[in-house]
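Visitor: Here's the letter readout for the chains.
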Amino acid sequence: MCLGIPGEVVEILTDRQDLAKVDVCGVRRAINIGLLADEDVRPGDWVLIHVGFALSKIDEEEAQAALDFLEGLGKAYQDEMDALRDSRID
Amino acid sequence: MCLGIPGEVVEILTDRQDLAKVDVCGVRRAINIGLLADEDVRPGDWVLIHVGFALSKIDEEEAQAALDFLEGLGKAYQDEMDALRDSRID
Amino acid sequence: MRFVDEYRDAGQARALAAEIAALCEPGREYKFMEVCGGHTHTIYKHGIEDYLPESITLVHGPGCPVCVIPMGRVDDAIHIARQPGVLMTSFGDMMRVPGSGGNFFDANAEGTNIRMVYSPLDALKIAREQPDLQVVFMAIGFETTAPSTAMTVLRAAREGIDNFAVFCNHVTILPAIKAILDSPDLRLDGFLGPGHVSTVIGCAPYEFISGHYGKPLVVAGFEPLDVLQSIYLLMRQLKDGRSEVENQYTRVVPWQGNPTALRVIGEVMELRPYFEWRGLGFISHSALRLRAAYADFDAELRYELPDVRVADPKACQCGEVLKGVLKPWECKVFGTACTPETPIGTCMVSPEGACAAYYNFGRFTRQRVNAT
Amino acid sequence: MRFVDEYRDAGQARALAAEIAALCEPGREYKFMEVCGGHTHTIYKHGIEDYLPESITLVHGPGCPVCVIPMGRVDDAIHIARQPGVLMTSFGDMMRVPGSGGNFFDANAEGTNIRMVYSPLDALKIAREQPDLQVVFMAIGFETTAPSTAMTVLRAAREGIDNFAVFCNHVTILPAIKAILDSPDLRLDGFLGPGHVSTVIGCAPYEFISGHYGKPLVVAGFEPLDVLQSIYLLMRQLKDGRSEVENQYTRVVPWQGNPTALRVIGEVMELRPYFEWRGLGFISHSALRLRAAYADFDAELRYELPDVRVADPKACQCGEVLKGVLKPWECKVFGTACTPETPIGTCMVSPEGACAAYYNFGRFTRQRVNAT
Amino acid sequence: MTTSDRERQVLNRIERTRRRRPKVREERITLAHGAGGKATQTLVEAVFLEAFRNPVLEQLDDSAVLEIGPSRLALTTDSFVVTPLFFPGGDIGHLAINGTVNDLAVSGARPLYLTAGFIIEEGFPVADLIRIATSMREAADAADVHVVTGDTKVVQRGKGDGCYVTTAGVGVIEHDRRLGPSEVRPGDAVIVSGPIGDHGITIMLARGDLGIESDLVSDTASLHELAAALLDAAPGVRMMRDATRGGVATVLNEVARAAEVAVVVEEDAIPVRPEVRGAAELLGIDPLYVACEGRFVAVVDGAESDRAVEALRRHPLGARAAVIGRVGEAPAGLVLLKTAFGGTRICDVLVGDPLPRIC
Amino acid sequence: MTTSDRERQVLNRIERTRRRRPKVREERITLAHGAGGKATQTLVEAVFLEAFRNPVLEQLDDSAVLEIGPSRLALTTDSFVVTPLFFPGGDIGHLAINGTVNDLAVSGARPLYLTAGFIIEEGFPVADLIRIATSMREAADAADVHVVTGDTKVVQRGKGDGCYVTTAGVGVIEHDRRLGPSEVRPGDAVIVSGPIGDHGITIMLARGDLGIESDLVSDTASLHELAAALLDAAPGVRMMRDATRGGVATVLNEVARAAEVAVVVEEDAIPVRPEVRGAAELLGIDPLYVACEGRFVAVVDGAESDRAVEALRRHPLGARAAVIGRVGEAPAGLVLLKTAFGGTRICDVLVGDPLPRIC
Ligand code: SF4
Ligand code: SF4
Ligand SMILES: [Mg+2]
Ligand SMILES: [Mg+2]
Ligand SMILES: [Mg+2]
Ligand SMILES: [Mg+2]
Ligand SMILES: [Mg+2]
Ligand SMILES: [Mg+2]
Ligand SMILES: [Mg+2]
Ligand SMILES: [Mg+2]
Ligand SMILES: [Mg+2]
Ligand SMILES: [Mg+2]
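Protein chains in written order, with this note's numbering: chain Y, 22 to 111; chain L, 22 to 111; chain E, 7 to 378; chain C, 7 to 378; chain U, 4 to 362; chain R, 4 to 362.
These are calculated hints, taken from the structure and not from any lab test. Ideal placement from N, C-alpha and C gives every residue a C-beta, glycine not left out. Don't take every hint at face value.
[Stated by the list, open to error] Okay, derived cross-link-like pairs now, DSS-like style, lysine-lysine, Cα gap no bigger than 27 Å in a straight line:
id : chain 1 : residue 1 : chain 2 : residue 2
1  : E       : K338      : E       : K37
2  : U       : K26       : E       : K338
3  : C       : K184      : C       : K245
4  : C       : K131      : Y       : K96
5  : E       : K131      : E       : K338
6  : C       : K320      : R       : K162
7  : C       : K320      : C       : K338
8  : C       : K338      : R       : K26
9  : U       : K26       : R       : K26
10 : Y       : K42       : C       : K131
11 : E       : K131      : R       : K162
12 : U       : K162      : C       : K131
13 : E       : K320      : E       : K338
14 : E       : K184      : E       : K37
15 : U       : K162      : E       : K320
16 : E       : K320      : E       : K184
17 : C       : K37       : C       : K245
18 : E       : K245      : E       : K184
19 : C       : K37       : C       : K184
20 : C       : K37       : C       : K338
21 : E       : K245      : L       : K96
22 : C       : K320      : C       : K184
23 : L       : K42       : E       : K131
[As the list claims (entries may be wrong)] Stretch by stretch, here's where chain R covers chain U in the computed footprint (C-beta under 8 Å, at least three residues):
id : segment
24 : 76-82
25 : 116-124
26 : 165-179
Make a model of the complete structure from these sequences and hints.
Guide: See below:
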C-alpha cells in the first residue's frame, strides 16, 4: 500500500503542467506531479511514485552519500575478510 | 403470420375468466378468450388460436358436414377407380 | 391433430382433383389469386399444385403482412429500438425483414434489443415485469391480428402500464384487393378469400368483389383439402356462370365474422388516411393507427420517428409479385441475388411470402418429381 | 533498477550484519518494531532476518492500512456498491479483505461492480468518461496516500464531476504508534520509522517518541540494505545511550516532509474525533474525513451507511499481531483456519500484513535454509 | 422459349448460385450464424474452412478421421452454450458428453476419451457447477468414456451466461469401412433412429417465456451402442449423422449435396411425437428443422434397410427407428418431401433458426 | 518447549493443513477461480477431479497421456478468454493454437491435430473473426499442426466478450520416457526457456486502463521445437511445463509438491526483461507469478543442465534459457527463493491473481 517506486522524469506534458511522463525500467506512465509544485521538476529528475502521484524528488547527492557509506562499510568488511583468509592461509 | 391453430379448451382459469388453458396435441398454453366473450367458451370446445388469442370457436357440425362432403366425393371417386380397374381386369 | 389431419387425405385430394379437372373447359386458362400468404404457404408446403391441371394457375396475392411492410417502417422500428432503455418486440417473421440498413438481427448485432414474442400479451408481460424497460411492440398483420393488439392496448390501459407502447403497422385487406382489381395488367378469374381475416370481418365485405367486379370469391381454410375444395367451388361458380362470395371454411368462419373483435379494433384503432405498402405504393384508408384516446400507448407519438420513405431496391420486383403480375421466378434477382439468406425483397423473407414459399418449397418440384 | 538494486547488495549486507552483531551486548535481547507494513514485506521478501543475530527480534507494527480496516467499513463499502448504478473502486489490496458477509470478490460474484484502480485519478477518469455511473473511490492509506485522494477531490471539484465520491478511510500513523507505546504488554527498544509516510509528514513529528517515550526511531527506506542500515543506526543509538529521531532514508525523505502535500490534506480533510482500527479498537483523532466544503464528494454523506460495528471473529488475534504482542505464528488460527486463501483476519490479506508476509515468504526459512 | 423452359433456366441458374463459394455478407455476427442453418454453414466455410483448409477439415464431418501410426482415430469437438442450463431430461453436462460421444459414434468410432473446457461466469453457483460435473460423469459412465483432461476459465459477470462447456473427444475406428455423406448412392434407404425434435422443443419451452406447458423431455443420450449395432447389422451403412442444430432436414441436405443425389423423404414416415408437433404448430416451426441430441440419421444400402431398422429397434434408444425415405438420382443436390397429402415439395436448409442456444 | 519448538510445531501443522483435500468454501464462482492460483487449483480438484476421477485425469498434467492401440498419444484442451483479443505480439488466435501445441509439446509429444470451438458474441465484427482465424492458421503452420475439426456457437450480446476459443489437441509420443513432475528428484536442475512474464504484463498493459506504455510484446510462441531439442539433448529430462496462468512460481510449486522435494531458486538467475520488472514494480506484482505463453520450465538431471541449456540456446526461442535453481530434499513440498540480497524466502502458490483473463 505504501509502495513507492523510483522513476525518471522523461517529459513534462505540455498540455497538462501537473503531469509528467515517468520512466520505470523502460515502461512509461503519466504521473501527477502536483504534490511537487514547489520543486521545479524537470526531465532527468528522479521521483518517488505512489498511486500515480510523485511524492518526493529523489535527492541524488544524499543517495550517493548513503551508498558511499555502505560501500565503505562493505569494503572494510571485505578487506577484513580477506585479511582473515590470508592470515588463515599463512 | 395469419397462422391459426385449432386447440381444445381444457380449463377456464378461475382467477382470470378471460384466459383458458388450451391443449394442442398434448401441449398446453393459457389463451386469451376475450374475443369470444359472447360465445360461452367451455372445456371441450375447440377454438382457433392466433398469437395467443382465440379468434373463433370451431363449429364441429360444420366441420363434420364438410368432411362428409369430402368423404362422399372420395368414396365416389374410389368406387369409380375400383370399377375402372375391375373393368380393366375383365 | 384434430381439424387438421382430416383435411390432408390424399385419396380425397385425388377425388377433388378429378372433379376440378372435369370442370375445366378445354382450351381455357384459369387464374385464381390466393389473397392470403397463409394459402401461398399451404400451396407450396403441401404441393397442392401437383393436383391441379396445367390450365389452372394460382396467383399469389398481397396478403402477407410481413411482405407489405415498407423499408421505411423497418428503419423506424430500428430507430425506436435504438432509443435508450427500449426493448423492441415483434413476431419472429419480422426479424429478417430488410430495412435500408439491415434487418432486426443486424440491428441487434449493433446493439439494439429486439426480441421475438409469441403474442402481444407477452410483450405487455415483459413491460409489467421489467418496469425499467420501455417495451415497444411492433404490431403487424391484417384484421386477423389487429384485435389481439387492440386487446393488449386495452389491458395496458386498464392496468396503467406506462412503459408499454405499440408501433402500429396493421393493414386492412380490402383496399389491397381493390387496388389489384383496379390494376390494368392483371386478369383473374376469381379469389381464394383469406380464411383467418374472415373470422374477424366475416364474408359479407367481399361482396363488392363478386358484385361490382364480377369475380367469384371463396373464403378458404388453410389445410390442403380446404384449398382444393375452394378451387373446386370457384370452378363450379365459373362453370355455372355465377359470381358469388362462398364460404368453404364454415367450421371456423361465421358469415358475420367476430363482432367482439371488430368492436375492439374500432374502440382502439382508426383508419389512417393513407399508408405505404411495400411494392404497391400508397393506398388510401388501408391501415390502422391508435385512436387519440390511446395516444399514450402510441410509439409513433412517443418517439420522434425519422419517417423517411425509402425507395425499394432497384432490382426488387416485389410489387409485381404481390400484385400477381409476376411469378416469383420471373423476378430478375429471384434465387440468385435474392434468396432467403440474402433477401432483397420482403416476399423472400416471410415463410408466407410468395418468393420464399416458392424458393423453399416449390421450385423444381413440378418438373422433377417424376424423375426420382 | 536505479535507487533500488544498489540497496540489495549481499556483500554490503554481510558487512552491515557484522557491524550490527558487533553492537550486540552479550545476553541482551533487542526488540525493534517496524511500524510500516512495507517494511514487514521487505523483511520477509528479501529474507532480512537471515542477516540478524538471534538476539534481535523484529516486531511487526500497525502500519498496514489494509490490515487496520475494520469489518464494518468493508460492509459499508459493499453496501455502497450495491446501490444502483454504483461502480466502487479501490486499490487491489482491498479486494480480498473480509467483511462480515464476504469480500469484494464475493460481492462482485453476487452482482456488485467493484473494480481495482491503480490511482484515485483513474477512478475519477472513469467517472468523467462514464457519466451514467456513480463512481465511488474507497480511499485507504496513511499520510502517504491521503494527499493523492485530496488532490483527486480537488480536481473533481474543479471539473465539477458530480458522479464521483470518496469513501474516506484514511488513517494517521502517530496515534497508532502512541497507542502501542501506551499499551502495557509490550517492551520495545526502538522503531523503524515509516519511510513513505515521512515523505509527507517529515521526521520532526516523531520526536515525542524519542523524547517523551525515550525510544530511538530511524526513518527507514524500503530496500533491504535500508532496513539493515536502519537497524544498525538503532543499535548505535542504544550503544551510545542516545534516543533520537534519525533519517536513514535521506534520498527520499526531507526532514520537513512535503509541505504541499500537507497543505492539500489540510484543505480537503479534517481529523475525525475517533475511528475504529481493526484489532486496536477506537482511537481518538486517528483518521481523516472530508471537510464540509467537500461534502458533495463524501460517500458517507451521499449514501446512507449501515455503519454497524462488526465484532472481529472470535478466533482473530490481529489486534495482538498489529500491536506486536504476538508473532503471527502465535495466533491460534494462523496457517490452519487462517490462510491467505481463507483469511480470517486482515493481516493475512494485504501483502504487507504481518501474517501474510510471514506465511507467504517467511515461514520455514530460518530453520530449513541450511537443509537444502 | 416456353414459360416452363424459362422457369427451368432460372432454376438451373439458382442451383449454380447455390453451389457458389459462400461469402459472409454481414459485417457483424448475428445469432443466425450460430443457429446451424445456412448462415452457420456460410460462416464456417467462408471463414474457418478458408483459413484452416486441409483435406481432413474439408470433409466437415461430425469427426475428423485421422491416421496416427497404425491407428485410425476420430477426433471431434463441440461447444455447448444452451440456455437454460438445466432442462427436463438433462442439462448442459449431459449434452456436452453425449454430443461429443455421438459425433464420434456416428463417425463409426468407439468413443474413448474426452476433454472438457469450462468458461464460467463470475457469480455462478458452485452447487450448479457440481451438478453439471456430476451429470457429465453420469453421461460419461453411461457412454463408457473418460474425461481425461480439462481447463477452467472464469469471465466477468456479464461476459458469459452461467457456464459454457466445450468438449473434445477421441475415439478409435476399429473397422475399415468408409462412412460419410459422399458414400451415399441412389437406391439407398434413409433412416432416423427415433422421434425427432424432442430436444429443441423441450429447450424452447423450458425457457418459460412462451408459456407453453408440456411433458416433453430432451432426447439427449449417447448413441454409441446404437451406432455400433447399426454397423454390425448392416455392412452397407453409408453414413450416420446426429441430427443436432438444423435438425434432420439439414443432415439430409448435407447428404444430397455431398453425394450429388436426390433425397426423397415420406412425411408420413417421420416419427414425431404429438407434443412436438403441437408445439411446433403453435409456434409455426417445422420439426424437421428442430434439433435432437439423441437421434441420428443413417443412410444404408436399400437392400439392408429392414435389417438395419430391426437392429436399431432392438435397442431402447432405437425403439421407434424408421425408414423415412430413399435416395434417388435427380434432382441432384436436393431434398424432396412427399407430403402426407400426396404432394411434393423441396426441403431446403433453413436460413435462420427460431431456436438459438439449444446446445 | 522453546519458542522455536512451538514455532516448528505450528509450521508442521500448517503443512498438514496445506495437504488436506481441497474444499471450495465459496458459494459462488469468483474471478479468482479462473486466475490459475490456489482457488483454481481448489476448484479443479474439488469439483472436476472429484466428479471425473480416473487415473489419467489425476495426473493433472498439461496433457493426458493415453495408450490407444499400439500408440502413445497426448490429448489436451484449453479455453481462451483473453481480453483484449488483440494485443502486442499476437491475438487470441495465436494463443489458442500455441497454448494447446505447448501443452502437447511439454508432455513430450509431437503435436499433430487440433480442434477449435468458437463461442462468438452477437455483434462481433466478422473482420475480427477472420483476423483471429488467420492468426490461428499462421500459428498452426508455424507449429506444423492442422486444425481438423471445429464448432461455432453464437451467444446473445452481453453473454460473451467478443470471442472465446477452445482448442483441443492430439499429439503422438514417439519415445518411451516418462515425464512429469513426480519424476523430479533431488540434485536435478531447474531451467526456464527464456525471460518470464512478458505475456501477462503485455496483456495487462494492453487493456489501457493502467495508462502504462511499453514496447513489450507477448511471448506467445509454439514450443514444440524447443521441447524436442531439449528431449534430444538431455536424456535426463524429468518434466517440462509451460508457465502459463500462475507463472513460473506455480509450476515450481507443482513440482515441489508432486515430487515431495524442495525447489530452490536463485532470484538472480531468473531472466526477466527490465520492462517487465518495471511494470511489475509499479503495480506491486511479482514476475514469478505472471503468465508466459511461450516459455516453459524444465527439470533435468543436474549433470545434464549445461548441455540442456546449450541445446535450448541454439533455438531462437531459447536464446535466454537459464538454469534458475536446483532441487533439494527438504523442506519437501516447498519452493524457496534465494534472494539477490542473500536471504531466503518461501515462494508459495498465489491465492488470487491480479491478472484475470490473460489467456
Ligand atoms: S425475388 Fe426478391 S426482390 Fe424479387 S420479387 Fe421476390 S422478394 Fe422481391
Ligand atoms: S493468523 Fe489471521 S486471525 Fe490470526 S492474527 Fe493473523 S490475520 Fe489475524
Ligand atoms: Mg454431429
Ligand atoms: Mg463436433
Ligand atoms: Mg455435434
Ligand atoms: Mg489449461
Ligand atoms: Mg450474464
Ligand atoms: Mg500447460
Ligand atoms: Mg491444456
Ligand atoms: Mg495450457
Ligand atoms: Mg458442432
Ligand atoms: Mg459483452
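Visitor: If a hint holds in the structure, say so; if it does not, say that too.
Guide: Results of checking the hints against the structure:
1. Taking the CA atoms of E:K338 and E:K37, the gap is near 23 Å; set against the 27 Å cutoff, the hint holds.
2. Proximity of U:K26 to E:K338 is assessed by CA-CA distance (about 21 Å); at most 27 Å being required, the pair is judged to hold.
3. Distance restraint check for C:K184 and C:K245: the Cα-Cα separation of roughly 24 Å lies within the 27 Å cut-off, and the hinted pair is therefore satisfied.
4. Between C:K131 and Y:K96, the direct Cα distance comes to roughly 51 Å. Violation of the 27 Å bound is thereby established for this hinted pair.
5. Straight-line distance between C-alpha atoms of E:K131 and E:K338 comes to about 44 Å, which puts the hinted pair past the 27 Å bound.
6. This hinted pair does not check out: C:K320 and R:K162 have alpha carbons roughly 42 Å apart, beyond 27 Å.
7. With a C-alpha separation of about 11 Å, the suggested pair C:K320 and C:K338 falls inside the 27 Å cut-off, and the hint holds.
8. This hinted pair checks out: C:K338 and R:K26 have alpha carbons roughly 21 Å apart, not beyond 27 Å.
9. Only pairs whose Cα atoms come within 27 Å are accepted, and U:K26 paired with R:K26 is rejected, the gap being roughly 50 Å.
10. The hinted pair formed by Y:K42 and C:K131 meets the criterion: a straight-line CA distance of about 18 Å does not exceed 27 Å.
11. Distance hint between E:K131 and R:K162 is fulfilled; the C-alpha atoms sit about 23 Å from each other, no more than 27 Å.
12. At most 27 Å may separate the alpha-carbon atoms for a hinted pair to count; U:K162 and C:K131 meet this at roughly 23 Å.
13. Between E:K320 and E:K338 the alpha-carbon distance is near 11 Å, which keeps this suggested pair within the 27 Å criterion.
14. Note on E:K184 and E:K37: the hinted pairing holds, with a Cα-Cα distance of about 17 Å set against a maximum of 27 Å.
15. With a C-alpha separation of about 42 Å, the suggested pair U:K162 and E:K320 falls outside the 27 Å cut-off, and the hint is violated.
16. Annotation: proposed proximity of E:K320 to E:K184 holds, straight-line Cα distance about 26 Å (limit 27 Å).
17. Taken as a hint, the C:K37 and C:K245 pair is honoured in the structure, with Cα atoms around 14 Å apart against an allowance of 27 Å.
18. Between the alpha carbons of E:K245 and E:K184 the distance comes to roughly 24 Å, so the proposed pair stays at or under 27 Å and holds.
19. For the proposed pair C:K37 and C:K184, the alpha carbon gap of about 17 Å is at most 27 Å, so the pair holds.
20. As the CA atoms of C:K37 and C:K338 are separated by approximately 23 Å, the hinted pair is consistent with the 27 Å bound.
21. A distance of roughly 23 Å separates the Cα atoms of E:K245 and L:K96; the hinted pair therefore holds under the 27 Å criterion.
22. Restraint check: the Cα-Cα separation between C:K320 and C:K184 comes to about 26 Å, which is no more than 27 Å; the hinted pair holds.
23. As the CA atoms of L:K42 and E:K131 are separated by approximately 18 Å, the hinted pair is consistent with the 27 Å bound.
24. Remark: the segment 76-82 of chain U is confirmed as covered by chain R, as 6 of its residues place a Cβ nearer than 8 Å to a Cβ of that chain, reaching the required three.
25. Closer than 8 Å: that is the beta-carbon criterion, and the segment 116-124 of chain U has 8 residues meeting it against chain R, so the requirement of 3 holds.
26. Check result for the segment 165-179 of chain U against chain R: holds, 5 residues qualifying (beta carbon to beta carbon below 8 Å, three or more required).
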